[in-house]
Every structure is written in structure tokens, then in C-alpha cells.
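*Asks:* Given next are the chains, with one letter for each unit.
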Amino acid sequence: MSDSPAIEIIGLRHAYKTHVAVSEVTFTVAQKSIHGFVGPNGAGKTTTLKVLATLLAPQTGSVHVFGSDIVSQRNSVRRRIGYIPDHFSMYRQMTVFEYLDFFGAAYGLSQKQRDQTIGDVLALTDMAGRKNDYIQGLSRGMQQRVSLARVLVHDPDLLLLDEPASGLDPRARIELMEILQELRSLGKTIFISSHILSELATLCDSVTILDRGHVKYTGAMRGLITATEGDITGYLITLAAEHAALLPALTALPGVTSVRQVEAGQPRYAVQFDKTKLAPNAVLQAALTSEAPIVAFQEDVKHLNDAFMDLTDPGVRT
Amino acid sequence: MIGPTFALFIRSLREDTRAKFTPIGRASLVLVVLFFIAIQQRSFIRNPAPGLQVFFTVMMVNLFGLVLGGITAFCSSITEEKEDDTLGLLRMTNLSPLAILFGKGVSRLVSGALLIVSQLPFTMLCVTLGGVSAATIWKGYEVLLCTLFFLCCLGLLTSVIAKRTGIAVALTVFVGAVIYVGVPVLYMTNFAQNRFGGGTSTQSLVEETLGWVMSNHPLYQLTMLIQGGGRGFLPPVGSPWLFHGIGGIVCFLLAWALFGRFCSGTAETAPRKKSAKPGSKSLRIPRPGSRPLVWKDFWFLIGGRRGLISRFIGYGVLTFGIIAWAIAENSYMESKVVGEMMIVFAGFGLGVELVIGSASIFGLERKGLTLSSLLTLPVPLGRIVRHKILGVLGSFIPGLCFVGLGMAMTPGSVAEFFRDVTRRDKDVILFSYMLLHLVAVPLLTCWLSLKMRRGAVAAAIAIGVIWNVLLGIMSDIVGYEAFGGLLIFTSVVLVAVSLMFAGFIAKGIPRAGAVE
Chain A
42 MSDSPAIEII GLRHAYKTHV AVSEVTFTVA QKSIHGFVGP NGAGKTTTLK VLATLLAPQT
102 GSVHVFGSDI VSQRNSVRRR IGYIPDHFSM YRQMTVFEYL DFFGAAYGLS QKQRDQTIGD
162 VLALTDMAGR KNDYIQGLSR GMQQRVSLAR VLVHDPDLLL LDEPASGLDP RARIELMEIL
222 QELRSLGKTI FISSHILSEL ATLCDSVTIL DRGHVKYTGA MRGLITATEG DITGYLITLA
282 AEHAALLPAL TALPGVTSVR QVEAGQPRYA VQFDKTKLAP NAVLQAALTS EAPIVAFQED
342 VKHLNDAFMD LTDPGVRT
Chain B
87 MIGPTFALFI RSLREDTRAK FTPIGRASLV LVVLFFIAIQ QRSFIRNPAP GLQVFFTVMM
147 VNLFGLVLGG ITAFCSSITE EKEDDTLGLL RMTNLSPLAI LFGKGVSRLV SGALLIVSQL
207 PFTMLCVTLG GVSAATIWKG YEVLLCTLFF LCCLGLLTSV IAKRTGIAVA LTVFVGAVIY
267 VGVPVLYMTN FAQNRFGGGT STQSLVEETL GWVMSNHPLY QLTMLIQGGG RGFLPPVGSP
327 WLFHGIGGIV CFLLAWALFG RFCSGTAETA PRKKSAKPGS KSLRIPRPGS RPLVWKDFWF
387 LIGGRRGLIS RFIGYGVLTF GIIAWAIAEN SYMESKVVGE MMIVFAGFGL GVELVIGSAS
447 IFGLERKGLT LSSLLTLPVP LGRIVRHKIL GVLGSFIPGL CFVGLGMAMT PGSVAEFFRD
507 VTRRDKDVIL FSYMLLHLVA VPLLTCWLSL KMRRGAVAAA IAIGVIWNVL LGIMSDIVGY
567 EAFGGLLIFT SVVLVAVSLM FAGFIAKGIP RAGAVE
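First to last, the protein sequences are chains A and B. Plus 41 on top of the position in the first sequence (first one is 1) and you've got our numbering. Plus 86 on top of the position in the second sequence (first one is 1) and you've got our numbering.
Treat the hints loosely; a few may be bogus.
Said to hold, decoys possible - Quick list of in silico lysine-lysine cross-link-like pairs, PhoX-like style, CA-CA up to 25 Å:
| # | chain 1 | residue 1 | chain 2 | residue 2 |
| --- | --- | --- | --- | --- |
| 1 | A | 58 | B | 453 |
| 2 | B | 537 | B | 106 |
| 3 | A | 58 | B | 593 |
| 4 | B | 537 | A | 58 |
| 5 | B | 537 | B | 249 |
| 6 | B | 106 | A | 58 |
| 7 | B | 106 | B | 593 |
Unchecked claim - One-sided and incomplete, this derived list gives chain B residues near chain A with beta-carbon spacing under 10 Å:
| # | residue |
| --- | --- |
| 8 | 301 |
| 9 | 373 |
| 10 | 374 |
| 11 | 375 |
| 12 | 376 |
| 13 | 377 |
| 14 | 378 |
| 15 | 381 |
| 16 | 386 |
| 17 | 454 |
| 18 | 457 |
| 19 | 465 |
| 20 | 599 |
Stated by the list, open to error - Going by beta-carbon spacing under 8 Å, a handful of chain B positions derived as facing chain A:
| # | residue |
| --- | --- |
| 21 | 379 |
| 22 | 382 |
| 23 | 455 |
| 24 | 462 |
| 25 | 463 |
Since the hints were derived computationally from the structure, they do not count as laboratory data. Quantities reported herein were computed from a predicted structural model and do not represent experimental measurements. All C-beta atoms in this analysis are idealised placements derived from N, C-alpha and C, irrespective of residue type, glycine included.
Whenever a hint applies, use it, and build me the whole structure from the sequences.
*Replies:* Spelled out as C-alpha cells, the structure:
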């Protein structure tokens, strides 16, 4: 595998007649990572995914997948991607095995290879016991698992998932996220569009936020959700009970810029300090020295929801 | 029940009003009528009753439009809810099966009635031109409305029974063909036998039934209306309400009775396992080989082995019927007559298969939202199209076998037919022009199936008929001498149009996949 990024989009623009769906979209996705693709309805996520899936040709800009151009090297790109659209795209009159066998054959796998791979993907998606069931009788969660199994049959390097958790119950969503983490550990790159931000925050290494066709943020997930501004970073200290000696002990530290109680009556404090002058361990050490009954010491992170709300404009795209 | 029923009725009407095809369909029908009137204008001077002539034209065009559009619209009334998985939601509401049938059926009946009403200005024109009485006009509309009511209820019944719109259409066409084509053919044959073959003059119950059905045939009733009554061997004109009214009510009641059985949500959602018994060979589908798309369409689009067997049985029953008819006619089986009829009927069956196959090949992928999965395969579009065509070709095997059998039974007639066809240049051109339809109509149907959610077959047939009617009118204008030249010109246009449709399909498939 080359060192090229899994996805490299530069200046992508696509319009449907007069409606510009995406404009000047530029971002990259590193190999073997999970990249979240977030945006309000109508932001242009599905259009971008369709371009990546080679279903739409970019009108301007360039799109490369593992270094291959999606227009001139379409078939080689198609061999390396697996695309799950935001709707169920299945032959419901087939059984699970027939469905996977068909796609395996369509990707040129021999019967022996298909037997091996289908067994593996069914085991991975926990559908081995349902392989002789007709797809039309499966629940939504199971159909989504079959969709995931289908895109894994030809062992692609990049998975493009458009709202894969949409309509799934909490258990099915959690199980799907576990499968995706397992796939990352197997070396797959996963590009996932989703509205369930809390799950993306824990799952993704990097994220792109799209709003009204424009990229509002692209980069590491950590960079988006940590409360870091320049060299100033923040940590939260949670106590079992109020402890008067904590505040003077922390404010006395060199590099601490502020210490405040997060909420009145709650023994929880937010400490901000210059990370070039003070290490988090030193802050913890000072708190322990003051004999404060510490329950938790953690980095002060924003929820992805808050970051999303900060970056995107209110209202519906017209 | 009234409130929810009207909610469904209003929803259906609103959807119908918003649909692009509704105004296009009505406008097309009006334009066709207008065109016919303009063409006939020359003969008005010679005709003592030009209004009657125009009225007959209006009625015939309406009947054609009604049958074609009605079959598509009525047969999808319940199946569209099944296909969209929304029937369960409807059943969860306060709507009883009767309310659903009423709400879905009446809205389409009203749409059909509006199609007829849109022709009213032409009726005014008929009165102005003179020669048509008020009674004739009322009777004409009565025939159309009764036929509309019957077709609506028949479509509703087949829509309840069938899982998909295509099956509902096929069932309706089959029943319609038996009533409106089979019965007149049997009646005429029976009459000819009695008149020329020395049959008895005493009418049996079967003959009386045939005569009664024949007397209620809308085409017959309209023709008799214009001619002013029955002639000779033909039965007296029946009451439109008696046959179509009762028939419609029976169909509606049957649809209501069968609704629970065929529209139960449990059958759609209950998990179903394929038999895993090693011995159950009848259910075993072989693994896909090097041409998986061919495999998929052969086994899952045309039905595989079962589909072929059922087609063979269908053509076999048809052949058996022809043989039985031939024996009943002549007291012995004349292989020449049977062979010729087999060629005609199996040829017709092949034509139907061709059009349905063209509509399904990409239309069903589009409806099932599976085109995008196909288009992301690392396979060129051309190969996808070729392999899908190969997969569907199997459905023609039974029909071709029976055509071949028919040819084997009457080798002389086939040779004679080709001698006749190749005798004159004009006949060669005409035959080539007819053959070109085998390419142009499937291409048109396939393209329409990418654009329209329902009714591609009906729209393609309508366009094909209008095209050929126009050709007929043009040939009447240019005269016999220039007919050959006109045919060559039309053939060239047909080739160009076919190439254009092929181009549209090549562009339309990726577009349809991208908008899923």
C-alpha cells in the first residue's frame, strides 16, 4: 500500500443545475483511520460520498483515493472501496448467502475465495446463523449488518458509510460501532457520515464538518473537542466533597491562568494553565498534596455537539 | 370511517395532481384528439354527419387512453403501498380494509373520470358540427364510464392479490384479454361455424353467454352506437351498467374479502428460511459463476428454472386450447391451422415478454434502489448492460420453442409468407419497418422505466400506437405511390430514434444510480 492518503479531495465542487451542493471542499483522510463526516441535513455529505463512491463525477476539483484519480482510474478505485448508501440497497428476494455470493462473484472472487471470505464476514458481522434467511425477513439492524458484510466481501481498503446507524436501535448501534473499531484494527480506513455525534466522538480519529457545502473544520477529532486555545489547556478536577485548601494550592502554581468552580454547590473545578510551563501531572500532584479527596482528573473536553453547534450556522439550507 | 377515508382519498388526489405525468398524459390525449380532428377536417364536407364522425373518434381515443392509462393506474393502487412498505402503516391507522380500498380506488376513478371530462370541449364541437344526438352523447359517455368503473375495480382486485405492480398488470391484462379479445374471437368463430359450417341454429347456454358478453363489449357498443344498432349476426347492444357495473361490484367485493389474506403485514416481515435440506433440489440455485449478473437476472428476475417451467406450461396450455379449438371447429386437428395460430399467439407472447423484460431490466433495480450497488462494481457499464440482457434472454426460450414448433407444423406457410414478403420492394420495406419495432419499442420502454416509477410499458405502447397511427394517416395523405418512400423515411427516423434512446439509456443509468 502506498503512502498516499486514503482520501484526498481538493477544491471539489458539485452542483445540481443551479443548486450548488458542495463548493471548494478540501480535506484528506489518513490511511487506517476512522474519519467522521458531519454536517446538518442538506450540507452536501451524501453528494461528497457519492463522488467518492464514483457514482458522481466531480465538476471541478480533484478527488483521489489511495492516490488513484476517481475519474481516470475509476475501476481501480472501485476495487478498493466499499460503499453503503443511506438507504437499504439490497436484493430482498435473495438469501443472505446468495446476496454475498453474488457480490463476491461480481468482484471476481473465485468460489473458494468466496467461501472463505463470506464465512469470515458473516462471523465478523455475527450473521453466520442467518445465512440461509431471506433478506426481506430480516430486521433493519440485521439488514444493515448484511450491507456491511456485502461491502467487506471483496476486502476493500476504504469503507464509505453513509448514515450506517440511522434507524438502528441503541444495541444495534453500539454493536455496529464495535464492528467498525474491529475493522480499523484490521487496517481498514473508514469514512463515516453520521448524525449521532456522541458515538462519532469516541469512534473517530479525525473529523470533517461540512455546512452548506463548505468545510467548516477538518482535522483531528481531539483538536475539535479539547478546550485548547493556543498554549492554554484545561483540566477538570472532581472531588468527593468540598475542600478549601485546593483552590490556593492550584492558583499558587506557576503557569495556572484560572481556577473556577464549574457549577455552584458542586465540588468540580476547571483549571486552565499554560502547557508550556506546567504539565498536567504537576497539577494533579499539587491537588493531591493539598489532600483534596479527588474522584476524577480529566481533560476538559467539549462535547462534539457543542463544537458542531459552534461551527455550523442555524437554520435550514435553502 | 368517513373522515379517515376522505383523508386517504385527498392524499391520493394530491399525489396524483403533483405527479408530472398526470397533466402530460391528459395534454397528450387532448393533442391526439385534436390531431385526429384536424386530419379528418377534409372529409367533413363530404360527410352528412361530421359531428358523429368526430364524436366516434373522441370516444375511441378515450377508450384507448382509458384502457392503457387505467391498467397502469388502477393496478398500482394497493401494490404501490406494498412496494413502499407503507401498507402496514395504513393498516395501523384507523382505516379499515374497506376504507383503504375505497380511498385508494375512488381517487383513481376520479382521475380517470377527469381524463374523460377533459374531452368535453370536443363534445361541444361535435354538437356544433351536427349529426350527433344528445342521446348518443349520453350513451357514449355511459359506456366509457362503465368501462372505467369495471377496470378500476378489476385493477383494485389484482392489486390486492399481487405483490408487485407488474404482476397485477399482467393479471389484469390476462383477464381483460379473455373478456375483450377471447370472447369476441370465440363468438365470431362460433357464428361462422353455425352459419357456414352447417351448425345448429339452436343456441346453447355457452353461446348465449358469449353473445351477452359480446353485447357488452365497449368497442362493440360504441361502434353500434355510431352505426345505429346491431347488424345481422351480431347480438343486440346490452346495457353498459349491467355487465360492467355488476362485474365491477363483484371485483370490489372480492378485493375486500381477500384484502386480509393478501395484504397482511405479517407475511411480509416474518423471517423466512430457505430450506437447507440437501435433498431439496427444486429449491437449489447454483452458485454464480464467471457471469454473476447473468446469474442474478436469470434466477431472480425471470424466475430461473421455475420461471421457465411456468412459461412452458403457459404456452402449453395455449397450444392445448388451440388444438381443442381446431378439433371443435373441424372435427379433426389440422396441423397447418394449429401451427399458424401457435406462431401468432407465441409471437404475441414473446412481444409481451420483450416489453416487460425491457421495463424490468433496469426499472426494477431503480425501484429497489439497487442500481448504486451495481454501479460501484469494478465493471464497465457496457458489460453490466450486456450481462443483464443475457440474463433476461432466457425468458424468451419457451416462446421461441413454441414459435419453432408452430413453424415445424406448417413449413409451407412460413416459406409462403417469406416469399410474399420478399416479392415486392414495398413489402420488404414494410416488413423491415415492423422488425425495427423489436428494437425501438424495448429501447423506449427501458428508457422510460428509468424515468418513470410506474407505467413505462403503457407509455411505450401508447407512443408506439400513436406513432403508427400517425404513419397511417400520413400514408393516407401522401397516397399509395409515395407510401414506399414514406416507409423508408419513417424507418430511418425509427433507427435514429432507437440510437437516441440507446444514448439516453447509457446516460440515464448512471444518473438514476446517482440519485438513489
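*Asks:* Under 10 Å, Cβ to Cβ, is where residue 386 of chain B needs to be relative to chain A, so tell me if that hint holds or is violated.
*Replies:* OK, holds: residue 386 of chain B within 10 Å of chain A, min 6 Å.
*Asks:* Hint residue 377 of chain B vs chain A: min CB-CB distance below 10 Å?
*Replies:* With a minimum Cβ separation of about 8 Å from chain A (threshold 10 Å), the hint on residue 377 of chain B holds.
*Asks:* Can the restraint linking residue 58 of chain A and residue 453 of chain B be considered satisfied, given a maximum Cα separation of 25 Å?
*Replies:* Measuring from Cα to Cα gives roughly 24 Å; hence the hint holds.
*Asks:* With 10 Å as the cut and Cβ atoms as the points, is residue 375 of chain B at the interface with chain A?
*Replies:* holds, 7 Å
*Asks:* Between residue 58 of chain A and residue 593 of chain B, is the straight-line Cα distance small enough, at 25 Å or below?
*Replies:* holds, 16 Å
*Asks:* For the hint on residue 382 of chain B, does the least C-beta distance to chain A fall short of 8 Å?
*Replies:* This interface hint holds because 6 Å falls under the 8 Å limit.
*Asks:* Does residue 463 of chain B meet its interface restraint, that is, does its C-beta lie within less than 8 Å of any C-beta in chain A?
*Replies:* holds, 5 Å
*Asks:* With 8 Å as the cut and Cβ atoms as the points, is residue 455 of chain B at the interface with chain A?
*Replies:* At about 5 Å, which falls below the 8 Å cut-off, the nearest Cβ of chain A leaves the hint on residue 455 of chain B intact, so it holds.
*Asks:* Let's test the interface hint: is any C-beta of chain A closer than 10 Å to that of residue 376 of chain B?
*Replies:* holds, 8 Å
*Asks:* Would you settle whether the hint for residue 457 of chain B is holds or violated, based on the nearest Cβ-Cβ distance to chain A being less than 10 Å?
*Replies:* holds, 8 Å
*Asks:* Once the shortest beta carbon distance from residue 599 of chain B to chain A is found, is it less than 10 Å?
*Replies:* holds, 6 Å
*Asks:* For the pair supplied as a hint, residue 106 of chain B and residue 58 of chain A, is the alpha-carbon distance within the 25 Å limit?
*Replies:* holds, 19 Å
In the structure shown, a violation is registered for the earlier hint numbered 8 alone.
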